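Engineer: Need the complex rebuilt from these two chains, each delivered in its own frame; the hints are there to steer you.
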Amino acid sequence: MVQQRSGEKSNNEAAGESEARLKSLSHSAATIPFSGIRRFFDIASKMEDVVSLGVGEPDFATPWSVRESAIYSLERGQTTYTSNLGLPELRREISKHLERLYKVSYDPEKEVLVTVGVSEGLDLAARAILDPGDEVLIPEPCYVSYKPCVSLAGGIPVSVPTYAEKKFLLDKNDLASRTTSKTKAILIGYPSNPTGAVMPKDKLEDLVSFACERGLYIISDEIYDRLVYEGEHTCVASLPGAYERTITLNGFSKSYAMTGWRIGYACAAPSIITLMMKIHSYTMLCAPITGQKAAIEALRHGDSAVADMVEQYNQRRRLIVDQLNAIGLKCHMPEGAFYAFPNITSTGLSSEEFAEQLLMKERVAVAPGTAFGAGGEGHVRCSYATGIERIEEALRRMGRFVESLRE
Amino acid sequence: MAVDTLEILNILARDARTTAETIAQMVGCSVSEVTEIIKHCEDSGIIKRYMTVVDWEKAGVERVIAFIDVNVRPARDVGFDAIALRIARYPQVQSVWLVSGGSDLRLAVEAPNLRELANFVAEKIATIDGVTGTVTHFLLRRYKEEQVLFVDTDTDNRLIVAP
Ligand SMILES: Cc1ncc(COP(=O)(O)O)c(C=O)c1O
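Protein chains in written order, with the working numbering: chain R, 92 to 498; chain L, 597 to 759.
So that you can see chain L by itself, here it is in the shape it has in the complex (with noise of 0.2 Å):
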């Protein structure tokens, strides 16, 4: 991949607003050939989705977050991959990694509640066949999510002038 793809890709992921004009700007290309970049990157999907980093709880959204291990029994053929695209279809369901140690699969769950999420692993995720045992943690606090720091940072107390 061409240098300008990686620097286009690491100002997005910085601030996906930036505009094509200013990263055509910050790399020193034509915005024409950024935007095609971006376009290609869009649509072979190198870039999945532009998002916003949120701090529901500062907006004032209660939500039950919980990380599950899930041990798997993998099936022939397909390994783990039939069970984790099973699980990971649902909406609840943030995300889905396959990892090593203890357990095979670990997920990233979210409900508005401690019952509608209790409820979803013991309705949906423990009876899916294979799954062999699920261990539920809570999330409690957020210190830092997609490089961001929950936490009031300072403001810039530079001197506004300085030689």
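Just chain R, same shape as in the assembly (with noise of 0.2 Å):
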């Protein structure tokens, strides 16, 4: 309908009759709050010569083998929609890397879907396990999309601290003074964006033994499983007790540098995948055909490029960890991600404070640790997905700009 100007009548006035007014929008839509990364994309994007840390993706392109096999599949005229669950080849490809990395077996016919993103994933699973009221533990500092998408659902998010002292690892003991009647699941994601903790198998044996404890249900995200530089990664499913409880969401974004092709997938249990598939059917139909092609060319062939990214987002690891303790910020080594989340309280100032003097003064952009949650007061995360160049630049910057704060 065409608005109409202030000031003019409209027809139904013209005609006698008063027009009520507008109804107001979703109040659960409008009170989630805007992620506080935006705040600081707006202020940055509009600067020049801008150094940026702040970036959650990597800085490669897509492999060409990738790319190469996406274009041929457009050539062919693949443009049509797939089954709601994704192709059946992406699916018997998912399950076969899982089964070889982690041993998990999941059936590709029904209990892998294929979805836009990991973003979509937790969306979905949320969706599929919660009911109004229903609380959702969630370590902090997390992901920023987790709670809001726990909110979406109608589902009530309940954080739980982590704190730098122990490696931001999850403790059992600080879930169960968190967990009450209504605590349906815990919602997870190790490697941690932002802290770049990685979770010991032992401590995951201890959570999943918790939640069996409780008949609770499991979401991992594990978006960064092959970005992992000591140790190895668990995948939380293949851990005794697991299966039946956990949802495994996982994706291309990170590991194969895919962010912009929007494909991920969720491996759970039949009745669960069942119920994430009927959502998604109606919601999304299903993920883009040309990236679900492109995404079984990276599983197939991808591991080459996955090493050759993966040893240069360690070396910039150690760089970065090394810079930034030098001058003076101290920062445990992630062991995963790639992320470090140096502590600034040495400086003075709140996490915001930091990452705006910081981007004024200093063209370098971070993103501030409450970002992440009121848990991540007190640190900035600083992304090493950029070139080592870039990165030595920033840190020649965040070294004037915290001498400065000094004097």
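Keep in mind the hints are simulated off the structure, nothing from the lab. What you are looking at is a predicted structure, and each value in this text was computed from that prediction instead of being measured. The hints are all genuine.
The list that follows gives simulated cross-link-like pairs (lysine-lysine, DSBU-like), each with its CA atoms no further than 35 Å apart:
{"#": "1", "chain 1": "R", "residue 1": "Lys294", "chain 2": "R", "residue 2": "Lys421"}
{"#": "2", "chain 1": "R", "residue 1": "Lys292", "chain 2": "R", "residue 2": "Lys187"}
{"#": "3", "chain 1": "L", "residue 1": "Lys635", "chain 2": "R", "residue 2": "Lys421"}
{"#": "4", "chain 1": "L", "residue 1": "Lys720", "chain 2": "L", "residue 2": "Lys654"}
{"#": "5", "chain 1": "R", "residue 1": "Lys137", "chain 2": "L", "residue 2": "Lys654"}
{"#": "6", "chain 1": "R", "residue 1": "Lys273", "chain 2": "R", "residue 2": "Lys292"}
Computed footprint of chain R on chain L, listed as stretches where at least three residues anywhere in the stretch have a Cβ under 8 Å from a Cβ of chain R:
{"#": "7", "stretch": "601-611"}
{"#": "8", "stretch": "621-634"}
{"#": "9", "stretch": "749-755"}
Cβ atoms here follow ideal geometry from the backbone N, Cα and C, with glycine treated the same way.
Structural biologist: Rendered as structure tokens:
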């Protein structure tokens, strides 16, 4: 309908009928806060000469063989919908991949759903599990979408703090003290965005046994599984007792540098996948076919490209942590993902102030820790998904900034 | 060879200007260890030379490059080596490889213009005792060299701050 300019009489009024006020928009959508990262994006994107450590996506382009196979599929005119679950060939590859890496078997016919990124997987998982008022335990600091996804599904996110002194690992006791009769699930994401923490196997076993004792589901976002630099990634579903209660979420965005393709997947017991697929079939229908074709190639021939990227991330990781410590920002060594999460309390600034002043004074963009929950206060997130030269330039500027605060 | 050495070589192969300080932080060892390893590689000839990949055309320099396939009658005892090295010593010759297939040696030769290149091949290469034939392929356009694409690539267009 065409909006009437104020002052002009509407036809309705002219006809003597009064027009009712437009009803308000959804309260639940309106009350969800904007991401704390958005504000910095708005400021930073208007500035020039910004060196960004604020980017949560790989700086590599998708490996060429993957891009090439997508082009080939477009040339062949493969531009249709796929089945709701996703291309059978891709589901088979996903199943083989998880079997090979983690010894978990998911039936490609019933237990694998191809999603539009892990983002959609999170939404579907929350909607499939939660009824209004159900609580979900979420370790904090955590990825920005976790809490909103739970809220939008009618659930109540319950933050469980994790601490720098304990390498941001989730402790069973902290879970227990926040569990109520309403608690339905635990939502975890390791390796962690923003802390880079990787949960060791025994800690995950504790978590699974805790979930078993209380009858809880586990939503496990393992999108950074290939980006682990020390030790090995443990797939939660591979642990005893985990399979029936766990939704494994993963995708191609980070490991294969495929953020723009929007392909992820969810694996779980058939009863869970059936519900997720039902929602997906109405809201998304299917994931984009070109991305699915590309993902098949990534799983078949992507390993050496992954290894090459991992080697470079690892080098940057050591470099950035060394240099952060050298300029006086205490930083633990992150074991996975591509983020360093230094402590900035020695500067006397809050993490928001630090991020904002650093951007204004030295044109370096970082994400304030508080964007990942109140537990992120005192930290900033520095992404090292950027070239060595840029990292060194950013650290020179940050060093100057920290120095200026001391004067 | 220790893993560290290979990792350092990889870093230098990607960017030879990476300083020992940076490399030390990247691989997680001391600066003196890095300098020692690099020195060892240089001394033992593992590192041949540090060089720059230049797009000469963009720099406005005209040069002609040709790949020349050379057929050679191998000599007793020394096989292809004697002729290969004789050819390799000319400064116009950038590279010499022994290859399988229809010809024996493959050269990359560089000259300021076509005439000089043709003269060089006719006078210096074809006349070598033991060279039985040459086929010259002129380079028309470079697309990729030393892992570098010779096209203008996009700048980083990721969002400046992203979750
Ligand atoms: C922990 C985590 N989960 C999920 C996502 C979203 O990934 P996708 O591109 O698969 O939707 C991200 C992206 O930043 C992330 O860091």
